[in-house]
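Put chain B on the given structure of chain A with help from the hints.
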Amino acid sequence: MRFLPLILALILSPLMRGIINRTKARFAGRQGPPLLQPYYDLWKLLQKGAVYSTTTTWIFRAGPIISLAATLVAAMLMPLGGWPAAMSFSGDLIVFAYLLGLGRFLTVVAALDTGSAFEGMGASREVFYSALAEPALLLGLAAIAKISVGGSILSSLSQMHSQISLHLWAESGVVLVFVALALFIVFLTENSRIPVDDPTTHLELTMIHEVMVLDHSGPDFAFILYGASLKLWLLGALIVGLVVPSSGIWVVDLLADLVGMIAISVITGAVESMMARLRLVRVPQLLVGAGALAVLALVLEYKN
Amino acid sequence: MDLLLDGLIVLVGGGVVALLLSRTPLANLVGAISAAIGSAIVLVPAVHVVLQGVTPAEFSAAWNVPYGSFTLLLDPLSAWFVIPIAGLSSIAAVYGFSYMAHFAGHKSLGTPWFFYNLLVASMVVVVTARNGVLFLVAWECMALTSYFLVVFEDEKDSVREAGRVYLIASHLGTAFLLVFFVLLGREAGSLEFSRIADWLDSSDGFSPGMSSLLFLLALIGFGTKAGFMPLHVWLPEAHPAAPSHVSAVMSGVMIKTGIYGIVRTLTVLGTSQEWWGWLLIGVGVTSGIGGIVFSLAQHDLKRLLAYCSVENVGIIALGLGVGVLGIHGDAPAAAMLGFSGALLHVLNHAVFKGLLFLGAGAVIHETGTGTLDAQGGLLKRMPWTGATFLVGAVAISGLPPLNGFISEFLMYLGAFEEDSLLTTSGAVTALAAIGSLALIGGLAAACFTKAFGIVFLGEPRTDASRDAHAPGWGMRIPMVLLAGCCFGIALQARPIAQRLTPIISAFLPEATLKEPKVLDAAFVSLHSISVACVMVIVLGIALAVARKALLHRREIGSSTTWGCGYAAPTARMQYTSSSFAQPVTQFFAPVLRTIRRFSPPQGPFPKSANLHSETPDISMKFLFRPMYRLVDRLLSMLGWIQHGQVHLYVLYLAATMVVLLVWYLGVAV
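Chains A and B, in that order, give the protein sequences.
Residue 211 in our numbering sits at position 211 of the first sequence; the count goes up by one each step and never skips.
Throughout, our numbering is defined as the position within the second sequence, counted from one, plus 304.
FYI, nobody ran anything at the bench for these hints, they're computed from the structure.
Heads up, some of the hints might be wrong.
[What the hints assert, rightly or not] Listed below are the simulated DSSO-like cross-link pairs for lysine-lysine, each with C-alpha atoms no more than 27 Å apart in a straight line:
id, chain 1, residue 1, chain 2, residue 2
1, B, Lys852, A, Lys48
2, B, Lys460, B, Lys925
3, B, Lys460, B, Lys411
4, B, Lys684, B, Lys852
5, B, Lys925, A, Lys44
6, A, Lys44, A, Lys24
For reference, chain A alone in the conformation it holds in the complex (with noise of 0.2 Å):
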């Protein structure tokens, strides 16, 4: 049963567009898809053929198979609800934010690959802002780790999530506050939502993660697109477990948290439809303001 948080993962990811969207499609005051349309749009995918441009390599081919076998990887270590993940150890954190990585990397030399230069233009943007959304992610961790578990490195993410309980909001409530800040707005960089990205335009100039892949075609789109819904209920698990206490007792904190999933894919959709995507120069100021508020956690803890 240890696999259970990984199970949910693989069959609920998609769902969690399909919220974002019908939230999205209420504040526009429209019907909005079925809730279920992602899995309908990976099953349309899975059917079709594929279309390669002359100047690919293999490397555009391998991107979405290594970026999605990166992020399953990733989603073995995150835990949900009281139940420790299918892979847990000191230090998982690290291997979680960094299989990340390894996604993007692939992601973005598959854009390269196309030779294009809208595509490039939406590589070159991606690799900035994550890197400047990595220390807010690493320093974010960090403080989980220090107010949960004191912080030593025999902690992972399992007992992190475990460790959070109303007694420590009662103690350090303003320091999850921010570190839960903090992780929000990576969360949004890393999915590429508004304010940082718009998933939903269709203006190749203006987009960052949509225009990386938009030579992808069949199969190898439907593995990106399940792999950014991977990815979009891993880092909102990972927030998700850090905010819902745990009660101790499994039914309960595992409906705490399918609940708290749906809450975030609700704000996400609420923050989208209230919100305007930033000016790109403006980014890297609300990136450098997540690690800012993931340092303040820190310091605040120091305090303590």
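This is chain B only, laid out in the frame that chain A set:
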């Protein structure tokens, strides 16, 4: 020990024979074979010592130099450094044979192989010497031989200039080391390392002020060789100028002798002080972030790699800093993790930087230029070089499933541990280490997606890159070997890291384990990481098979790249290396001070437009050039002494002798 000496003899002997055969075609063969075999022989005892953890008896021979003795000892720490030195030198020599064949006929090949062999031998002596004088002689020999290798293509002005910068910067560093050894010898009464250790045991050791002074001298002297910012000026000049297999050895292992010097200094000085840890982390942060940001701003592949070496020695310094902090914060496990990470990164960097320089050499060999924006689409023309370069690029970005991640992971663990255990000052420093490691990792990924993407992917930007051919197996096999090592180290992470524990606890007794539980947990983690790496590879293969099955018997079209409906794209429309790096260089503009010359298109039918940008080295511009100019001005005041009249020079000599004689007699009386 005997094998080590045998290897040294093969190296030196082979070098001399190559020199004697200089103008014949045999020189290349003899030089390369003796370098490869000599290094391989040296490798054997080093691997043996690291695996067994026992130190063979030292070799000592009399030497009629004051305070000097020819004492060599291959303890585990020395052996750990000999492994990358000998291993990479051997592999690079095989590559060098094919690479140098290109110059046969119009250049003497005996001379460069003579210097190459001497360089390898002197690096081995540097890390095994147990006498201060011998160390300095080997150090100087290393600097000079590598200088002659850098200026191999001395018909080019830029190469001679690069050589001069290297020679001067290198000797500035040596000057600090000279003072270091003189002070050390005066305090301890001997330049034999073993005697210094005895003296430390029997006396109170160095006073805190003296040991700090010695540490600072060592940090500057060795830091110049290692390439810490702002002392790194010679790296971006010398590495691009040298032949590629030499760049690989210089960047992969020669700069590590600087790291060895710092680690050995920590052991020779006995006790360290907490602020040394802060300083090392400060140096690490500066070199790490500075190095990678400058690397991103480069237009030349080898210059980019050279700056990236600055970044990597920065990472190593971070690890050493975490280690020193751990000792003083009573967090021995964290200290072990910091030092292990740093030492493992020494090996890892040798592997992937060697690989990347060999790949860059193959590119330059085929296209005739290292300029990034003159390349493109080389993966189709040089599939092996491209694939191995990609492995090196992922590894140097510190990403799993390759070796770069393993050493960074150990440093992260150490810093996380300190962050929780240490007092505020130490914890904040550890925090700086975590934040900068993360930022460096992200920027390195940006830098190497750029390097790989612009050179190997897309469409060829010039005719030279369109007509490139794959290099022969003589150049391919070394690259494949090194790429295999990148995987191998990651998959054998735990056994390799466990070998480091006795090495570190032998030279830093304070770090001896009080809580082995923590370290055991770290080893278990390393094992899990290796498992995760295997899973990434297996899942990748499984998904590739699945994709193939899905596409079976379906329509697979091929077309041009999507260009918003524009159907006739040209190679010039691709993103260039500078445009790819622009968001980062823009963000770091206050540090980079990139010079831009821009003549925009004018009028409705513009005839021409031009954008030129270059990023001169900030430390060269604001630290070294002003210093050189000052020295130049002071010395030119003495210019009147030098007038070219020999008989007056003889008079100077005579006058000096008389003054010395009077002084000597006066003292004697």
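Each hint tested on the structure:
{"no.": "1", "hint": "B:Lys852 with A:Lys48", "verdict": "holds (12 Å)"}
{"no.": "2", "hint": "B:Lys460 with B:Lys925", "verdict": "holds (23 Å)"}
{"no.": "3", "hint": "B:Lys460 with B:Lys411", "verdict": "holds (14 Å)"}
{"no.": "4", "hint": "B:Lys684 with B:Lys852", "verdict": "holds (21 Å)"}
{"no.": "5", "hint": "B:Lys925 with A:Lys44", "verdict": "violated (59 Å)"}
{"no.": "6", "hint": "A:Lys44 with A:Lys24", "verdict": "holds (23 Å)"}
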